[in-house]
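When you get a sec, could you build the whole thing from the sequences and use the hints?
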Amino acid sequence: MNRRKLVASSILHLVLVAGAVATVIPLLWMVSASLMPAGEATAFPPRVLPSRPTLSNYEALFERLNIGRAFLNSAIVAVISTLCSLLFNSMAGYAFAKLRFRGRDRLFRFLVGSLAIPAQVAMLPLFLLLKSMGLVNTYLGVMIPLMATIYGVFLVRQFMLSIPDELIAAARIDGASEWQIYWRVIMPVARPVLATLAIFTFMSAWNDFMWPLVILTSDEKYTLPVAIANLVGEHAQDIELMMASSVLTVIPVLVLFFVLQKQYIAGLMSGSLKG
Amino acid sequence: MKVRRPAFGAEARAGLVFLVPAMTLISVFFALPVIAGFVLSLTDFDIYSLGSVANTRFVGTANYSGLVDNAVFWASLRNTLYFSLVGGPLTIVLALGAALLLNAKLARFKPLFRTIYFAPVVTSIVAVAVVWRFLYHPRVGLLNRMLDLVGIEGIDWLGDPHWAMPSIILLSIWKNFGYSAIIFLAGLQNAPEELYEAAQIDGAGPLRQFWNITLPELAPTFAFVTLITAIGYFQIFAEPYVMTPDGGPLNSTLTIVMLMYREGFRWWNMGFAAAIAFVLFALVFGATMLRGFFRKGVAR
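Protein chains in written order, with our numbering: chain S, 1 to 275; chain G, 1 to 300.
Since the hints were made in silico from the structure, they are not lab data. We treat Cβ as the ideally placed atom computed from N, Cα and C, and that holds for glycine. Certain hints may be false.
Straight line, CA to CA, 27 Å or less: simulated DSS-like cross-link-like pairs of lysine-lysine [what the hints assert, rightly or not]: (1) G/Lys110 <-> S/Lys262; (2) S/Lys262 <-> G/Lys105; (3) S/Lys5 <-> G/Lys105; (4) S/Lys5 <-> G/Lys110.
Stretches of chain S that chain G covers, calculated by requiring three or more beta carbons in the stretch to come under 8 Å of a beta carbon on chain G [stated by the list, open to error]: (5) 22 to 28; (6) 89 to 101; (7) 141 to 151; (8) 204 to 210; (9) 228 to 234.
If you want a taste of the chain S side facing chain G, the calculated C-beta under 10 Å gives, among others [stated by the list, open to error]: (10) Ala41; (11) Ala43; (12) Cys84; (13) Ala116; (14) Ile117; (15) Ala122; (16) Arg172; (17) Ile181; (18) Met242; (19) Thr249; (20) Val250; (21) Phe257; (22) Tyr264; (23) Ile265.
Below, the structure written as structure tokens:
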């Protein structure tokens with residue numbers, strides 16, 4: 001029995017490790033190649049590690065190709081969208097969960113029914129609408145679809161259903177205004193779901209590609225993914241340089257994920273079980 | 001009672017006020033465009049309309065019948081279905097396998113493996129598509145070099161019409177399986193332990209337990225994962241756009257959303273592109289309906 005267990009455990013871990021290796025190789029190779037001098041990633045015989053690690057690719061990205069600007073754009077867009085999404089979605093989620101008014105549940109069911117509508121269906125008219133508002137090639141134009149989302153409202157509402165009504169009733173008896181109840185009583189209790197929503201929004205804003213590609217038209221406004229897709233066109237041969245640009249895009253969210261993975265995964269799981 | 005009634009009115013008012021920001025944004029920048037998109041798909045809105053809307057005419061269903069006669073559209077639909085119907089099940093099976101391994105009692109370092117498997121999910125698809133583009137490089141790519149080591153002749157992954165779509169599928173599996181694996185893991189951890197204990201007492205082996213307990217318990221999770229995978233995969237855009245910007249050899253990696261982007265935002269045939277968007281809508285809607293049937297089927 002013990003022997004069988006040992007064999008089973010060895011096979012299990014062999015498969016787990018093999019899967020993990022296959023999963024990280026592309027990411028490790030990306031980092032390694034980004035530190036190689038130009039041409040080394042394609043040299044024969046192939047190299048796994050740089051002969052002498054160099055940051056010259058990163059220097060070139062920042063000095064010649066102005067990637068710092070794209071990095072800044074991505075950061076601005078991601079941070080502001082996240083703040084707006086936290087405020088707007090939590091207000092609506094709170095209203096749907098705890099404030100009684102006519103037609104509330106019908107409206108909410110309607111929203112949930114629209115969850116599956118692909119964003120691309122709205123994209124063409126949305127572009128024309130923003131064009132008429134003069135919002136093409138602006139930060140606001142990129143951020144608008146992220147600032148309030150059906151999924152965000154849904155996520156917050158599901159969490160807030162579990163907040164006891166007595167908490168709100170007690171605050172009302174104490175004479176708190178509706179805004180004070182939301183801001184001082186509900187928001188602190190809702191911290192876990194707000195953390196989840198913040199990570200989700202930040203990551204989708206940081207990684208978003210198609211909409212920024214559509215709405216941004218100039219280098220100075222490009223977010224990182226759009227800037228990289230543009231770079232591939234001109235620098236497809238400079239593998240080491242391209243890898244450095246990928247590292248710059250991937251590493252911030254990976255670090256964020258490593259630090260906050262508990263909230264992230266908890267949110268993912270609760271969203272899926274109730275969905 | 002006297003205290004409560006005015007409070008209720010205030011509560012209802014507050015509720016409506018709290019909805020205003022989110023609902024305004026969602027109505028104006030999502031609901032309205034979806035409806036406008038349908039109207040747009042019934043017009044010949046093109047680059048001249050962009051100059052002046054007066055140049056736009058209603059053309060009824062001409063855009064849709066135009067799609068029927070359009071070979072490139074059929075190719076993009078075929079490619080999207082190929083990608084979703086082959087890549088989707090492969091992603092789900094791999095995710096289920098990973099979740100089962102991670103859920104095994106014998107497994108150690110679970111959080112570490114979980115983090116590693118999940119890492120690709122949070123990466124920017126554009127950034128990793130750039131990485132994979134080079135892994136697939138016919139001459140110097142890591143993949144062909146490894147094949148070379150075992151004496152297999154290299155493949156022109158993205159340049160060969162037979163291999164281009166499988167290459168994109170492989171990237172997508174790598175990128176996405178961790179997401180579904182985590183959701184499966186949640187489903188597995190939800191299955192009551194007593195069921196397994198009872199089965200063990202009855203002498204059921206691991207395979208029987210998997211078949212008679214794990215799979216039925218996972219059915220709702222399975223339905224959910226299938227639905228979101230299908231919806232996500234029907235909308236595939238960034239992977240083929242970055243790796244094969246022109247739609248690949250013989251349009252073999254041109255997807256529906258890529259065609260919509262090209263027609264709508266490159267050539268400004270926005271009426272025609274809107275019709276393509278609604279074909280995507282129909283696909284996604286179909287997947288949602290299937291879930292309803294599936295749900296009824298597994299209801300116990």
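Do the hints match the structure? See the list:
{"no.": "1", "hint": "G/Lys110 <-> S/Lys262", "in the structure": "holds, 14 Å"}
{"no.": "2", "hint": "S/Lys262 <-> G/Lys105", "in the structure": "holds, 21 Å"}
{"no.": "3", "hint": "S/Lys5 <-> G/Lys105", "in the structure": "holds, 11 Å"}
{"no.": "4", "hint": "S/Lys5 <-> G/Lys110", "in the structure": "holds, 18 Å"}
{"no.": "5", "hint": "22 to 28", "in the structure": "holds (count 6)"}
{"no.": "6", "hint": "89 to 101", "in the structure": "holds (count 9)"}
{"no.": "7", "hint": "141 to 151", "in the structure": "holds (count 6)"}
{"no.": "8", "hint": "204 to 210", "in the structure": "holds (count 4)"}
{"no.": "9", "hint": "228 to 234", "in the structure": "holds (count 4)"}
{"no.": "10", "hint": "Ala41", "in the structure": "holds, 7 Å"}
{"no.": "11", "hint": "Ala43", "in the structure": "holds, 8 Å"}
{"no.": "12", "hint": "Cys84", "in the structure": "holds, 9 Å"}
{"no.": "13", "hint": "Ala116", "in the structure": "holds, 5 Å"}
{"no.": "14", "hint": "Ile117", "in the structure": "holds, 6 Å"}
{"no.": "15", "hint": "Ala122", "in the structure": "holds, 4 Å"}
{"no.": "16", "hint": "Arg172", "in the structure": "holds, 6 Å"}
{"no.": "17", "hint": "Ile181", "in the structure": "holds, 8 Å"}
{"no.": "18", "hint": "Met242", "in the structure": "holds, 5 Å"}
{"no.": "19", "hint": "Thr249", "in the structure": "holds, 4 Å"}
{"no.": "20", "hint": "Val250", "in the structure": "holds, 5 Å"}
{"no.": "21", "hint": "Phe257", "in the structure": "holds, 5 Å"}
{"no.": "22", "hint": "Tyr264", "in the structure": "holds, 8 Å"}
{"no.": "23", "hint": "Ile265", "in the structure": "holds, 6 Å"}
Checked against the numbered hints given earlier, this structure breaks none of them.
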